[in-house]
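Participant: Construct the entire structure; sequences and hints are all you get.
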Amino acid sequence: MRVCVVGCGAVGSLFAAHLAQLEDVEVWAYDLARDHVDAINRVGLRLSGAGELLSRPRATADASELPPCDFGIVATKAMHTAGAVEATAQVFAQGCVATVQNGLGNEEAIAKHVDRVIRGTTFPAGKLLEPGHVQWDVKGETTLGPFEPKPAPTEEIERLAEAIDRAGMPTKAVPDARGPQWRKVIFNAATNPIGALTGLTHGRVCEDPALRRLVSGLVDEGKAVAAAQGIELDADPEELIDHAAKPEVAYDHKASMLQDVEARRPTEVDYLNGGIVRFGDEHGVETPLNRAIWALVKGLERSW
Amino acid sequence: MRACVVGAGAIGSLFAAHLATVGDVVVLTRRDGHARALNEEGLRVSGRHEFTSRVTATADPRDLPEFDVGIIATKATGLEEAAQSLAGRFATATMMTVQNGLGAEGAMRRHGEWQLVSAVTFMSGTKHSDTHVEYILDTPTWLGPYGDTPFERVQEIAEVLVDSGLKAEALPDLLPAQWSKLIFNATVNGVSALTGLPHDAHFAAEGDDSDLGHLVHQLVDEGKRVAAAAGVELHDDPWEMNVLATKRGSAHYPSMLEDVDARRPTEVELINGALVREAARLGVEAPLHTAVYRLVKAREASYS
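Residue numbers (our numbering), protein chains in the order written: chain W, 84 to 387; chain V, 3 to 306.
In short, the hints are calculated from the structure, not lab data.
Facing chain W, from chain V, some residues (calculated, C-beta under 10 angstroms):
no. : residue
1   : 193
2   : 196
3   : 216
4   : 293
5   : 297
6   : 298
7   : 299
Only some residues are given here: those of chain V computed to face chain W with a beta carbon under 8 angstroms:
no. : residue
8   : 197
9   : 199
10  : 211
11  : 213
12  : 214
13  : 296
14  : 300
Just so we're clear, the structure is a prediction, and the values are computed from it rather than from any experiment. Cβ coordinates follow ideal geometry from the N, Cα and C atoms, glycine included.
Facilitator: So, in structure tokens, the structure goes:
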């Protein structure tokens, strides 16, 4: 089996490093950061933190060097999906492409260039420490399922899930992957931008009762949009929010969107709150709070 | 007329310098050095008007001479301290509050039985130093009676302001103007503080779904529903005030934005907090203003 990880940042590196340990899987990492690519080719890809490993995927910043692949795992930031998939689509002409990205709309962007698409959600997280070296912060499950308008065959989804799982990242293939996806989107959309707009860590957002009510208001809108599509959440996002607020979990964690704002990078708000607004509009569900938060974060981006 | 200006920020400095051209003015500052500089150098106005006034200044309220009109021009956050410093004295003086938001008159009343005049000012300036203020927008100050203050007294004060070169108008009922400005400030200052944007064209943009103008418009509409429930017919439409202000060329930096940038306490309680509390008192839903209020409060909490 040949797999190409498209976008080998922190999350992409977790997948590439794990899969590259398997004898029967050849892994390619495609990323535009040349120093990262060079380091991977020179000394390998190293994970430390929640687990230690060093493996040797092949890496390139040039899509024309990629051989035809059975699977793609897209792990770019959501705003780079279209460009990254357009650049690599030819290597997946006979393959299936999964997204493990944040937010809503990635599957649609992939399906513009690829015929067999896998809807995915992953909870592990980390950060790039230096070229070739990723800190693995959080372990967690990955769920894969068909993207309904252009689905990958079930046996292929199961084949990819089995490989990732065997490589050491717990992964399940399911017939409907929207539940975990929406749980994570609702969690992210309700907490990330609040951190970004206030500068508070996740734990401090949650311990301010008035602010926590705003978070719940955002969650409720997301749940209503999910329900209108017939999506059953696999668990209540509120539980995830409260769990993450515990001192031993992620009390001091600065949301990735806050990190983006502090570094003045574009955020994923279009794919989180913007995605909830868009799906809400399509299904006749009002989302005034998500709309407000979306506009505020876009305003913040425009102030730079 | 003998005037005392309490607080020598941009607005206080503009009042003091102009009034000193038609009468005696004493300025109560917070810092000794500020008072000393004013006594030595006078107070320079540039921009719309060009002149330098002689003023007397002190940072010690015990040094204040008798006066006829007190202009309380501190930030809302400094109002309580200002009222305390005048308590028990100047019984024959009329005190005029020009703070943003609601509740300044009540705060003064708790400290003395002075005759009170409510005012809202739309003029703006930038302080370049302790002794130099640039007069930027020469939009008017509106004055109205508070409690049983006779309207004639309000008219007298307005005439003195006009004689001094400022734009001013006495209104029998100030509430319509006060509420117009309250809704305008709660919306514009709150959104500006959260996004980092000065009050510029973004606030009137209603093209794309995520454009800030939609949120600004909805905040204004929500505020108008609160005003209607309070039985107040607005003097000006806050949305039109917003559009007009964004067309003036140079973008204005609302004080709430300057405050969060400098990590200072903001006027959020007297502006956004006042509006949200009025909404709750009147039984009007105000979810968007509530969200902005909570987010700015949380932003303040993030300083420590």
